[in-house]
Amino acid sequence: MAEDVLVIHRGLALMLCEDAAILEETLRAIEPLSLHVRRLGDRALLVPADEIDGILETLEDEGTFPRLVGSPPEVDAPDSRDEPVAEEAL
Amino acid sequence: MNGRPERSRSSGGPLTRSEFNRLLDRGYCDASHRFFARAWDVEEDLESVAAVAEDGLKTEIDLVALEPTARAVFGMIAERRGRVRGENLRRDLLLRGFGESRSTIRNLIVRGWIIALPNPGEHACNLNSVLEQETFLQRDLAVLESTFNRLDELDDDDALDAPAWTQAKADDRPATSEDLELNLLHLCALIRRDPLKLNKDGTPNRRSLGRVARGINMPGSRGEVAEDLDLHDAEQFDYLTFVVSLARELQLLKNDSESICRTDDEALRRFFHSDGAERDRRLLDGVQRLRFWNEIDSLRLSRSASRNVDEDHFSQSESTGQPLIGARGFVISVLRRARFADWVALDALAQLCTQLDRHYLDRTLCQLPRKPDPNEFIHAVLERTLVWSAILELGEAEGDQRLARLSSRGARALGIDDDVPERDSEGCLIVQPNFEVMVFLDNAPVTVLHELYRVGERRKLSDRVATFQLVAESVQRGYALGADAESLIELLQAHGHAPVPDAVAFQLNDWERVHRRLTIHLGGAALRHPEPERFDLICGQLEHDLRDSNAELIRLGARDAFVTDATEEALHRAADAHSSLLLDALGPPPRCFYFVDPLVLMLDPYECDVTTRVELNQIASPLPDESSPRAQFFELSPELIKERFPEAPLRNICKFLDPRCDGGLPAAQSLRLQSELGNAPAVHLESQVTVLSFEDLDAAERFRNLSEAPDLIARRLGPTTFAIVVDQIEILDEIIDELHLKRSPEHFEET
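Chains V and E are the protein sequences, given in the same order.
Letter by letter, the first sequence follows residues 0 to 89 of numbering that gives the first Met the number 0.
Letter by letter, the second sequence follows residues 0 to 750 of numbering that gives the first Met the number 0.
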């Protein structure tokens, strides 16, 4: 891989918190969901855009109504690439 | 008098001599000249025929002696100042309850008392053909000026005055479009918080529906149903089903197999913030396209004494209304063509629907499984669908005559009349210091109600006042749906009877501050670059390129940033201008795993997507001593894998690893994983084995049948291959020689 590659990672949502305390609070709230959340510093969380609905639902249940900006990206086909399967086949 | 001014393509007024002369000269053919001469009993020359237009008929019409429909025809023509379009004349007579008048009009034309005029630009019009082909209704019909003057003189005569419903009495409190819109808003607001559950047969779950239905305002009643709600009352349940179905057609609600939930707030905003005429048009369109409710069953329900009703009617998965969409559209188109402004007899309206295109409804409805009667269907649309949707209002006249008229918004929805009085919305609400907002519904615009439903909770609906409560949760939810404190306070001030209390304004701003502590950008692209200085330049260029767009670049550190719109052209340019790698969190995963040892893999964190990185942390342990910033090593841990995938761990780990390895998961790694995950494949290793293989199956079979074979063959390896017992090799040699078998230097493969 080239050293100076620019990585553009699409299909993500950004959760931007006012401060580190809000970020910790948010992480605690969504922890039980077992989502794919990548933390970036003290204020930002990256999450696949198709997982944001579950996050919003959980936050709203806890009385948090974040400011929503933009619109979710359009998904061509349902993605189930990492959904675990139930039965052993091998 | 009923009827709106007619849009006539002709000049209007009775037929004057000069106009008649022109028509005789160019518009009518010779056969028509003879037609007039015969009807008026004059000579066949043009001069004699033309003279009748000025001198009048030789024999005056005895208006009193005419049968009622013929008198009404003249009455209508008198009202229309001597000239009327044939089909409009027939339509208006139908609406007045005179029934079919086609033959009467025909007779009056034959007698020359009414004249069918050539259409504009038509030459040589043959009145015999017009009568024969019955096309006189598609023409202007006029009376001679002399006849018209007589009608004018007799204008007050009862014989000419068609009955009008001057003593009509409207229902006490007809359903209004405003009530229906309030119900739609209420239903959508509550269903957003608590989706409406559906039973297996698609009917709304009564307990779930009960939670949202208490605040519904039933047509013709005052205030919310509240304690009077009874979902075992077929009519209440039916009306709620109607509103839910209508909300679905308006795309304010959507459903899955188990529930009905609200679509995004934008759909609600688009509908309720559209201009009044457009909203009425969409409402009417939605009513026509109702798929999950039908008026025939609805009307039957209300007339049935039984409380046990067919639940199919309420099902939100049974499209019982869909087959009726075309027929409903037909009835609506008849209303549109009827262009009536005042009360008309309900039966006459229904008759008009059957008379205008007698066969359409028969054809359409007889294709349906239950073959409803056209008359029953028309009455169901008029009395139920159009009344509940507030297009029509019902009333009564003396003698229990049932009447109907278009509401002002109904007339606007049909495109007949745009004259709907504007409401003065100033002072339509009061904001109280206890965060209650009282709204006076008579002059509250629906946009204000939409906003209050977005940021508040409606607590009460009395006759014409709705009370909303602003609480932290509801207001922040509203902010999440797009509201903001500044606009909200501005709206409350603009429509308020008194200024918004300071404490309320302060709290609305503070709730916004709390709400903004977490911002979620719903879709975009994360940017990463290992070289901070170079990345800074790239970000600077992107910020410059995005300055005129809605997207923005948010810097998240020296090596990370986020662009709030991944479709931006500037982002594509940046990708083209630099060595770049595109990852998509919603697409196939990148091939970023490289196995270097059994169960040990290496990855470049810059090549790795978020999902892969998070999942990897759950199934592998990092090897920090061997790692560098651009080459990180991990060892897969069978314990962690089993923890992550408690069911089918081997299958799931292979499913995870396979698409992330170039060329797929190496076979050796999958075998190792199989071993480590508790079901290691068993193998047997055997050395010094003598294998005898035959060229063909027949020979192999014959060998197997030798009497010595059981002592020679240790195991049959395949159809033509045998493992030989080690200490029997000499005997086998002898048998081969004795049987003259040909020895081959090569092993024969199984076929």
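The set of hints was computed from the structure by calculation and includes no laboratory data.
Keep in mind that the hints are not guaranteed to be accurate.
Claimed, not checked - If you only want the chain V side, here are some residues facing chain E, beta carbon under 10 Å, derived:
#1 Glu17
#2 Ile21
#3 Thr25
#4 Arg27
#5 Glu30
#6 Leu45
#7 Ile51
#8 Leu58
#9 Val68
As the list claims (entries may be wrong) - Facing chain V, according to a computed beta carbon distance under 10 Å, are these residues of chain E, among others:
#10 Gly222
#11 Val224
#12 Val609
Cβ atoms here follow ideal geometry from the backbone N, Cα and C, with glycine treated the same way.
Now the hints, each set against the structure:
Of the supplied interface hints, the one on Glu17/V holds, with its beta-carbon coming within about 4 Å of a beta-carbon of chain E, less than 10 Å. For Ile21/V, the interface hint holds, since its Cβ comes within 10 Å of a Cβ in chain E; the closest pair sits about 5 Å apart. A cut of 10 Å between beta carbons decides the hint on Thr25/V: the least distance to chain E is about 6 Å, and the hint holds. For Arg27/V, the interface hint is violated, since its Cβ never comes within 10 Å of a Cβ in chain E; the closest pair sits about 13 Å apart.
Because the smallest distance between the Cβ of Glu30/V and any Cβ of chain E comes to about 12 Å, over 10 Å, the interface hint for this residue is violated. For Leu45/V, the shortest C-beta to C-beta distance to chain E is roughly 5 Å, which falls under 10 Å, so the interface hint holds. Because the beta carbon of Ile51/V sits about 6 Å from the nearest beta carbon in chain E, less than 10 Å, this interface hint is met. With its C-beta approaching chain E no nearer than about 8 Å, Leu58/V sits inside the 10 Å limit, and its interface hint holds.
Interface restraint check: Val68/V against chain E, minimum CB-CB distance 5 Å, threshold 10 Å, status holds. Annotation: interface hint on Gly222/E violated; nearest CB of chain V at approximately 30 Å, more than 10 Å. Given the 10 Å rule on beta carbons, the hint for Val224/E is violated: about 28 Å separates it from the nearest Cβ of chain V. With its C-beta approaching chain V no nearer than about 5 Å, Val609/E sits inside the 10 Å limit, and its interface hint holds.
Checked against the numbered hints above, the structure violates hints 4, 5, 10 and 11; every other hint is satisfied.
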